[in-house]
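Work the whole structure out from these sequences, hints included.
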Amino acid sequence: MYDMILSSLAAVVAWPAIGYLVLGTILGLFFGAVPGLSGLVGMAILLPFTFTMEPVAAFAFLLGMYAVTTTSDTLASVLLGIPGTSASQATILDGYPMAKKGEAARALGAAFFVSAVGGLLGALFLGLSIPVLQPVILAFAQPEFFMLGVLALTMVASLSGGSILLGLVSALLGLLISYVGYSPTDAIPRYTFDVIYLFEGLPLIPVILGLFALPELLALAVGNTSISRVDQTETRSRMLDGVYDAIRNWWLVLRSSAIGCYVGLLPGLGGSIVDWIAYGHVVQSSRDKSRFGEGDIRGVIAPEAANNAQKGAALIPTVTFGIPGSAPMAILLGALLIQGLQPGPQMLTTKLDITLSMMWTMVIANVLGAGLLFLFGRYLVRLTFVPGHLIVPGVCLFLFMGAWLATSNMGDWVALLLFGMLGYLMKCGGIPRAPLVLGIILGPIMENALAISLSAYNGYGWIGRPIVVVLAVMVVVSLGYAIWNHAWRGSATSPVDGLDAHMPRPGVVAARPVDQLLPLVILTGAFVAAAVLAVDWPANSARFPLMTGIPGAVLAVVALGVAFRHLQADRAAGRGLGAPPQPLGRVLHFAFWLLAIVGVTILLGQRIALPLFAGLYLVVWGGYGWRVAVPYALGCLSVLMLIFDQVVAVSWYPALVLR
Amino acid sequence: MSAPNRIAATAVLAMGLASVPALAETPFYEGKTIEVLINYSAGGPTDVEARLIARYLGKHIPGNPTIIARNRAGAGGMIGMNYMADVAKPDGLTVAIFSPPVFTEVLGDAGLDTRFKDFVWLSSLAVPQICYVRRDTPPGIEDPADLLQAETFNASGIRPTSTHDIRMRLSLDVLGVDYNYVTGYKGLAGASAAVLQNEAQYSCGSIASYRSSVVPSMVETGIALPLFYYAVVDAEGNDVLDPSLPDIPTFRDYYRSVHGEDPSGEVYEVFEAVNNLKTSLQRGSFVPLGTPEEAVDALRQAWKALETDEEFLGAYEEAFQAKPVIAHGEETMALIESLDDIDADLVSFLSDYIAAGSDN
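Chains A and B, in that order, give the protein sequences.
Count the first sequence with the numbering used here and you get residues 1 to 659, in order.
Count the second sequence with the numbering used here and you get residues 1 to 360, in order.
Please note: incorrect hints may appear among the correct ones.
To be verified - Simulated DEER-style distance windows between Cβ atoms:
| # | chain 1 | residue 1 | chain 2 | residue 2 | range |
| --- | --- | --- | --- | --- | --- |
| 1 | A | Val414 | B | Asp341 | 33 to 43 Å |
| 2 | B | Thr152 | A | Arg287 | 48 to 58 Å |
| 3 | A | Leu588 | B | Asp341 | 50 to 60 Å |
| 4 | A | Val470 | B | Pro138 | 23 to 33 Å |
| 5 | A | Val628 | B | Asp113 | 40 to 50 Å |
| 6 | A | Ile550 | B | Pro138 | 33 to 43 Å |
| 7 | B | Glu220 | A | Ile5 | 24 to 34 Å |
| 8 | B | Asp109 | A | Ser7 | 50 to 60 Å |
It should be emphasised that the hints constitute simulated quantities derived from the structure, not laboratory data.
We put the beta carbon where it would ideally sit given N, CA and C, even for glycine.
Structural data, given as structure tokens:
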């Protein structure tokens, strides 16, 4: 056994495998750092090149790439507030506020360090525990997945910041959005309004980019502040500080890595949820929650450790049972077959050397990836001190192209802009956006799992299954804790109900009650309409929409009532409405620029629209001269041509002129 | 050009020079780039197969064009179809390698802007499906024929409108067994995992998914038993045997062995029609109507050449655990034209049948 561990290490570090590993790792850092690209895209692009390689080299190439996308995705999440991949959405919540405070280097240092540690633990988990895990994986059938979804949904309480009410409204809206598309159990479309873009549901990435990144982009454009509100000379944040933070929080790193391993182990949960679960866990388990959402390093450590740990564990069901838990793993399964390897128990016996070489690949790639980022990260941190106007066009390019990569339809951009508007309204109104994302991700898992469970076990025949019972107890405990905690904290911070509207509330941007009115009215309308539309659908398809729409409408109306009371209290106290966060005129002006990108794209295509936007924006809006604007625009063009056209081979919009 | 692309292009070029004799006039594709369009997203089964083909197709086209693969996914493949009809130019530079949405075409969907016959088809690939059952399905299945005595079992599906589900239900109904249809699993992998977990007892999968997921974890471990595969029926009414599956009977052979006669009746006729179409058109390659004839000829020749390209066959067989079953030009066009002959009765039968499946 020990011989084999060493000989498989030797096989990985031997030429040419190590060369492919290093190349794969560098490509992986790139796929992770560019929003919209991910390990999945990387796998699809690299797979054909492995056809002619030896197995160890092929997996060194593929897994070296795959292992580190969740290390480098932190760059965009922390520095720009855009998730680099869907596995680092939660990192934005505290990572980006840290960048605003000038502490980007510290956040990145912690993130890279715990990514490597999490990745190592995940790989070790893969290596050590395969033999004992088969019963665990097989025991998690659809009823257990449904209960896991319910348990994850109780995380809303932790992700809501100050107001559980608003958090619930947000989560229910997320669930509602997840129902768009063909019903999983009936042959009927739901909420598609005959728009074929919606038939398969809304893709996650444009929605996330719109909700989180567009409002931040707007703030940069309107405010022209650098991302860091603190000057470079005033901050002493170093990457090494982040490492110390991580070491101080070693117990959290271990717990988050364990969460990552378990989520990775269960096929079908995947990368887009692991960060949220880890984030929910750290908020739930922390005594002092006051700084979450405002730049708490623990909010960076938890998701970043978990998302790398998840990857090693995700290999287990793929390699040993041939059950790919996610799309990248489905490709890996293909790669196994191409190499003439059958997934199954023999991967632990006669082919154990290959499995161990995969583990070593993950170990080396994680360390190498983090090491490279430590070397170059500090140069990238400088981005956060650059004036906003110089950042906006570049971020805009990656934002629009990131969304475009989802399906390469104009629908991606419409989704980006509409959810950007929603994200802006929610941000202004202090309505937490994280629960919405949780709802979108959990909706299909829960709905599908419940429908299958009801059908496969004769109704509720599954309710007594041992793991279901254990999970149900955990749901009750988690809910009870959330209520107790909220009541305790609520009584401690708001002695007089209704008068604390302008007092800083933990985790929530101090919002003006007047800004809550518009989004809440829109949401109430959406919930009511959704419930009304669902009435005629077959039971299986109508169950979740009704269970979401009706309470959603009720809670949104209650939230409206609360907002009105706050308004009245403010008026009684002679406080007025307060200043709006951004002047509306400038906001609309910027929205017009974004619409212009769409318009020019329809006419002339993206390769002209985006560089043109960059140049004109810098001159007209930023007040820079042509000597800055022209090279910048040319830079944008070359990014589009080199990265998106040549490497990714993106399908461009077929413009009316100049195809 | 990126480094990987350049390597690929150079390789393709080098191989192409070796295999294609010099031509007197400049070949149509000399110095050109062909865009291979895929109507599902990166990483799915359609994408993996199309990219594999795209990689080998170029070296058989005179002029050695560069080939790049792009995805245009969405709406069950319809967005790609619409793109080929509305946007792609008939210049021979955009070639679709799709999983054509056969049932959207047959049942008629307002979202589809086009009909299959509005394209010039180059070829199609057939992928048969294999059905299997757990041996411990009460009262126990020792022999494939025991399926008929089984107590009510769960058959796992993906989506009521998917051909996987429609064919699975039709074939079980033809056999006359007692089953409970459970659908909504995530892909063939999810449906087979459900059988492994004993949440369902019966399912079907393509050869690739059968060999990669079902054989190692269930067949070799004695958990499940393969029963039959759906074969295409040719013009003479004979099953077209799949060379990759010598040990498993076709559905008709299985039916004969358990019932002692040929399957017949309305449900069977619908099954045969549905299966013929879907199995033979699992993947299809085409270009827009009006594409220059020399381009069409060059592409069709390249598809034919793939059948004798040992390197391609080796890679395909390793990836999909089966030999590719390719139909060419006229054969595929005949298949597409047969879509017009499908009568309204069958269409309404299918719509009702799909809706009925959702009710339980």
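Tested hints:
A beta carbon spacing of about 40 Å between Val414(A) and Asp341(B) agrees with the range 33 to 43 Å that was offered as a hint. Between Thr152(B) and Arg287(A), the C-beta spacing of about 54 Å keeps the proposed range 48 to 58 Å intact. Between Leu588(A) and Asp341(B) the CB atoms are about 57 Å apart, so this pair conforms to the stated range of 50 to 60 Å. Restraint check, Val470(A) to Pro138(B): a C-beta distance of roughly 28 Å satisfies the suggested window 23 to 33 Å.
As the Cβ distance of Val628(A) to Asp113(B) is approximately 45 Å, the hint placing it in 40 to 50 Å holds. As the Cβ distance of Ile550(A) to Pro138(B) is approximately 41 Å, the hint placing it in 33 to 43 Å holds. Between Glu220(B) and Ile5(A) the beta carbons are some 27 Å apart, a value that agrees with the proposed interval 24 to 34 Å. Checking the proposed 50 to 60 Å range against Asp109(B) and Ser7(A) shows it holds: the Cβ atoms sit about 56 Å from each other.
Figure legend: structure checked against the earlier numbered hints; every hint is met.
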